[in-house]
Amino acid sequence: MGNVMSASFAPECTELKGKYDKCFNDWYSEKFLKGLSVENECQTEWYEYMECVQASLVTQGVKPALDEARKEAPFENDGKPVDP
Amino acid sequence: MRLFQNQHVFDYSWDCITAANWKKYPNEVSTHVVAVDVLRRELDTTGKILTSERLITCKQSVPQWVMMLVGGSNISYVREVSVVDLNEKSLVLRSYNLTGSNLLKVYETVKYTPHPNDPENRTLFEQEAQITAYATFTKVCNKIEEWSVNRFHENAEKGKQGFDSVLVILDESWKQTDRIVDGLVEKVDETVVDLKKTTDIFLKETEIKSSKLATYYGYFSDAFKRSNDMNSDGN
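In order, the protein sequences belong to chains A and B. Numbering-wise (my numbering), the first sequence opens with residue 1 and increments by one. Numbering-wise (my numbering), the second sequence opens with residue 85 and increments by one.
No lab work stands behind these hints, which were simulated from the structure alone. Since the structure is predicted, the reported quantities are computational estimates derived from the model, not experimental observations. Be careful, since some hints might not be right.
[Stated by the list, open to error] Listed below are several chain A residues computed to face chain B (Cβ distance under 8 Å; list not exhaustive):
id	residue
1	SER6
2	ALA7
3	PHE9
4	ASN25
5	TYR28
6	SER29
7	PHE32
8	SER37
9	VAL38
10	ASN40
11	GLN43
12	ALA65
13	ALA69
14	PHE75
15	ASP78
Glycine included, C-beta positions come from ideal geometry on N, C-alpha and C.
Between the sequences and the hints, there should be enough to build the whole structure, so can you do that?
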């Protein structure tokens, strides 16, 4: 049951997401959790997946709401809302 | 603003729970979550803190009274920022709905930490959700808040039951392979996230609804005026 890959919100990105997820999950369990990682790996898979996702965020109209949320609760603030 | 709080203990190690957190979809319980995408992911220079931003895509049915007033897609989005901290042994996920957030916002924080009494084998799950409706009609706001809180409770209970049943089935095979473990934990964990996604959808619908309401109001008042006019003409 854990071996079915989850889909991307953009169907055209699902395959690239699958490749990235696989790489990431292996890295997470085998290196990160064991404290063996010094860098965020899977960069090749990541950039291919991201290229697809970034484009789809725009074409599917998700970008504006996302940008708003990023201002309100920045990544750099661990997703905590900043005071208005 | 209403507050929802929930706590849970999972009989799995914190490591397992956090690894499963990335793999929990798809599963047959949370069918309303149709996609999960990572948008940004960074590892700090010590290699001990991993921060991720994800987009969770939900598709879900909503109550009839909302549906009546809503048209269009029932897809909605939730943004989540999570931090895995190996130093603290904590996983904190913060999320809220992107869709309909000008009308209603569900801001959820979930925290996984090793259980204080049995840190090697058990994980404490703490969840808090703030549900706020911004609509101008107080009654509508209350109705929405009430509904979303009820929905949270229902899903929390459902999730717990789902988890228990998974545990029973998995107990035997649990120790065999990591792979199996992953699958199970996945289920367990998903219970939680289930809550946030459910509340979200209806929020989005309400947003559209409110604008429709305004339109309908216009129709009704026109219709009223006309029928009044007709009556007075007739008489």
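Checked against the structure, which of the hints given earlier come out wrong?
-> Hint 11 is the one this structure does not satisfy, whereas the remaining hints hold.
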